[in-house]
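S.K.: One letter stands for each residue in the lines below.
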Amino acid sequence: MAHKRLRFLGVVAAAMVLTMACGGTSGGGTPTKTYKIGLVTDIGGLNDKSFNHLADVGLEKAKTDFKVQGDVKESKSGDDYIPNLTDFATKKYDLVIGVGFLMQEAMGTVSGQFPDVHFSIIDGAGTDAKGNDLKHANVQSLYFKEQDAGAMVGVIAGWLEKNGKAKKNKHVIGAVGGVSIPPVNHYIAGYKWAAKMEDPSIKVLVGYSNNFTDPAKCAGVAQSQINSGADVLFQVAGGCGLGVLQSAGKAGVYSIGVDADQKDADPSVIASALKKVDVATYTAIQNVVKGQFQGGALTFSIANEGAGYAVDNFDVPAELKAELDKIQSQIKSGALTPPADIPA
Amino acid sequence: MPPAVRRLARGLGMPLGSVIFAFVIGALICAATGANPFAAYAGLLCGGLGIGCTEGENPALQISNTIVFFIPLVTTGVAVALPFRAGLFNIGAEGQLLAGSVACTAIGIKFSGLPAPILLPMVLLGGMAAGALWAGIAGVLKATVGAHEVVTTIMLNYVAQWLVRFLIIGGPLQLAPGTSKSHPIGEGARLATLLPSDNSLIVFGLPASVFRVHTGLLISLAAAAVFAFLLWRTSFGYEIRAVGQSQKAARYAGVSVRRTIIFTMLIAGAFSGLAGAVQIAGVDHNLTDKYFSDTTGFDAIAVALLGLGSAVGIVLAALLFGALHSGGAIMQSDAGISSNLVLVLQALILFSIAANFVGAIRRGLPFGRAPAALPPELPPAAGLMSEAAAPPPESP
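The listed protein sequences derive, respectively, from chains A and B.
Convert by adding 695 to the 1-based position in the first sequence; the result is the number in my numbering.
Convert by adding 4 to the 1-based position in the second sequence; the result is the number in my numbering.
Looking at chain B on its own, in the form it has when it is part of the complex (with noise of 0.2 Å):
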């Protein structure tokens, strides 16, 4: 095998085995409590991919909706993605979304009159620069007084979902006493759907305005390759990866780790704010206490585990993310099957890529010694796992 293969293979061993085992043992608690595993797995494929239906559903629709799903998980799998290159856990991409589709819909509201050329930018750089506030208190406080990102991310996330609680109950977005929705954004900031959204005119047999994917779509991918060339290609995304392997290291080759921290959060909230916005320009048009309850956030962190932290990857695991939410529904509806199943296969999945970190570290590295010493081609959220991964910035 060239080694080129050997490193491909090596690289999808893990979160294709994730994937698998999930599956595998998914199927042994179908059977277990009294369910047909083949039916529910077929459930799945027809409402996550459409293929394979039987109970008349539409493939088309049913991959409108994986990809509207798919959307938001991709960028923000990116914005947990790229701090685990530089050592840190973002767990607030939530909490950044929801600053981005506060952001979004106040803008929308509030210029609903500009012409689409002007408003639409306005909200989507509105979204980021909301969203990077919130990822830059987190890394202000990590730079500055050693605050660890796990604990400010998390806290920011409840300090966001109260902030839409009060703005749309009660507060100034609030649509009309006794709602909890915000007003509807202005026709300019909303991003246009692939198909017209008109339901007099049929397209695969169905109202086209039933299929509800948005040109975010192109947004989202356009993040995951700036990611990518980020990363790869600038010197700003060397540093983030030198920072992550090793901050003493970084230092001594003259990388400011502080700055590093602060504009890797800055950029990752951004593009968090950058999902919430388009959430908001391309689907919701308003704000709605749904953003309540929104996991997107969460399960990004489990897109950018099982995607590596590669750009290539986050798509892939979004895209299953994406097909898994789409087709519960439709597996619970044909097969009589909880869609609760989806979540037990999730939690499968992250469960078994932590125990194969836990075995990769194991196997790679002797006991006890250093956690920087991990070969570089190890996946980056391998890191997770050892102390050093996210100690505060050591003073010059």
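Chain A on its own, in the form it takes in the complex (with noise of 0.2 Å):
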């Protein structure tokens, strides 16, 4: 008889500690309201160092600066992207943040289902099967101008030929991208147009991996350009891209990595294009705060912050430094403009 008592003491207090587990997570009853910000990972995970690992930087920082109920979830699968974009869309989140353009599709069915819940992509739009833009007014596109951030490293790579402070200094520099589509092609065209800026004589070569995973097939493409007298290196290319950066390395000369500061993936990394997926997952939820949030593109630049560089494993000369200030300070006031297809 005492054994049962007892048993029924544990379920109650197992009970108890559950609601209040519940309880402390609910909160509520507070006069000004709580924005609930779901922010959904793509299948990188949160410790992807990159892209999704930003958009939780930015998350984490507007939890400290605005009265904000930041929840994650990783998508494990791409079969996750539906169901976790709809359980926050399902509890009336203030705004439901997609990371990542392969959400594209499942962006594009939820925001069409809750057409009351405010939804942001991080670089894409919410589309249909064929990846046609819906357009639906509750989707806000975060944009980025590639070409910014390709830009300054390209006056990086230009400064170093044109100096003689690379380390061949034959004027021939290298991309290898992973797939000849728009985001990768705005880099390659800022990078060029300002290597060309620098040093007129310079030869930009530029290859595709056709692959955006395997780092073996951009290590080929970036053996041929090290081979054609190429010694800075910039990789678009995402994970294959890595190989780019190995094979720079090997070879003794510089690369240059992408989105995020690659500076820890090999030590012939000087530099890092970065798109700071962080200030625009800040700025969306901001602008949710503050009842502004609008539908279409919000593009993200060196303007607004949104894109710009990292110095890494390199010691930039003062002269280097003062070009680079004076680059980036030009395209901020619009005086230059990286063009966002590949110049000839």
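I should point out that these hints are in silico values taken from the structure, not numbers from a laboratory.
The structure displayed is predicted, hence computed values, not measured ones.
All C-beta atoms, glycine included, are put in the ideal place defined by N, C-alpha and C.
Short, incomplete list of chain B residues facing chain A, as computed with Cβ under 10 Å:
hint, residue
1, Gly51
2, Gln66
3, Val72
4, Pro181
5, Thr183
6, His187
7, Asn203
8, Gly209
9, Leu210
10, Ser213
11, Val214
12, Asn290
13, Asp298
14, Thr300
15, Ile334
16, Asp338
Got two chains here, separate frames each, mind docking them using the hints?
M.R.: As structure tokens, this is what we get:
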């Protein structure tokens, strides 16, 4: 009998812990509104050292600055995009953020089902199965002017060649793209344009691996560029591009990373062209908190600090630093505009 | 206790024990990392089965999501369990599933103009044929030259994954340059959802289109029933079991071991291929890059083991794994615990099953006794632990 009562007490205690745990998370009852923000990562997960990680950084910053409850769902497979987006939407979150173009179709579907919920998507739009933008009014696309970031690292590459500070100084540099699609070509366009501006005699080799994941493919393209005399290589190929950085390291030439700061990927990385997904995420949340959410495209560039560069395993000479600051302020003011298409 | 009840209890003891073991260890891991295990499991329960939701989740939606994950697990689980019974370890359910989804997509695009009564059977049968072909390669190799089916099916998984990659990146099924998906299949190739796919119709407080449960549910349950019937009510099923128990004895009884191996693999592949076709026809409607990292066919191995290779067991195990999958995301957003805990739980379940098998074999058999003498009521997968589980067939 005593045994039974003990067990009953145990169940009650467990139930109490459970209710307390649930009560703790639900909050509420406060005078000012707490904004609920849901972040859905793509299959890269939070520790991808790239887009998903940066989006979470932006969310965390927003949590410290605003009255925001931020919840994250990591997608384990492509099957999870729709359930994850839908869950936040059914709970009437104030903003649901999807990271990455892999989620475009899911975003298109879910945003159509929940026209009253606001959605943001990094680097993409809400599309149908054929990839056409559905232009739902409740979806905000967060795009980047990759050419701005490309231009800044292009300045570095061009300046090194012009001033004989590169490894071979044959006035040849390279860029290895994943697939010839707009975001990749924007980067390369800015890179080539700025390098030519710095060093008019420069030759910019552009190659594509037709792959975003296999480092061996990119290493092959990088090697042929190195054999042609290139001594600064810019990778624009995601995971595949790690092969570019490693090939450059083996050949003893410089390399440039992309999207996130790739300082740690290889010692040959002297700089990285940055897409500041954290800034974009933070801005999107800020807009919602201020009641300024707008559907359509929101573009991040040097002008709004949403794109830029990082100097990595390299001591930047003062002259180059001055040149970088000058170009950056000119792009910021609109005096210079890096092209979106690769110049001839 | 009547013997039937005792048998049932013994049958349920191992899988239930494994699941309980996994959840207890999972709770300890949770607590050790400073999280609240009760909150974690409350999140899983809500996310998986729609029970006890506190954060505004819609229970009907959670159940619907779980069923969507459940459907392919049942069909591929059967595709792993059937060869188990013949002493074959089919690691290739994933590759067979991909072959089925490719065939379904290709047919669904090519003949997109045909009406559903013609096109739907075409894509489903096409998927089954492609899956059967994929598994049949391993079956024929096993039966003729004795190539171990574990190796060949694993390798065929890679071939299938890279085939999908080729087809939708630069290959003939690619939608447009720069994309990594296929064209959508025709309307006639799609399985209907149980609720109308309508954004304006409100069911359970949500637009009806968010409930993605489709008629593939009936197909997967039918597949489980066919599996049970085939195994226990046909002479071929008897041959499968005979070969699984002892190839030599089966041969003395007049069973063609080679034929049995080949046909077992063909049928298993057809089940997996069907799972892939149903996934395309019922959920995705196009082949996308998510199939590069799909793990359904591997989860199916765990489902078949946990389900002890029986139809009912597989359905229950698939339900558990579907609920875990669906619940993980809710647990993460509600309780702030990484959904990776789900993977830990799945691994612990598998680990515990494997460990229990070892225990069962040790208890049941004095050291050195031939594995062929396993008592028949032991689960078939127990044979996996023995040396003689899957030898190449000896020539007659």
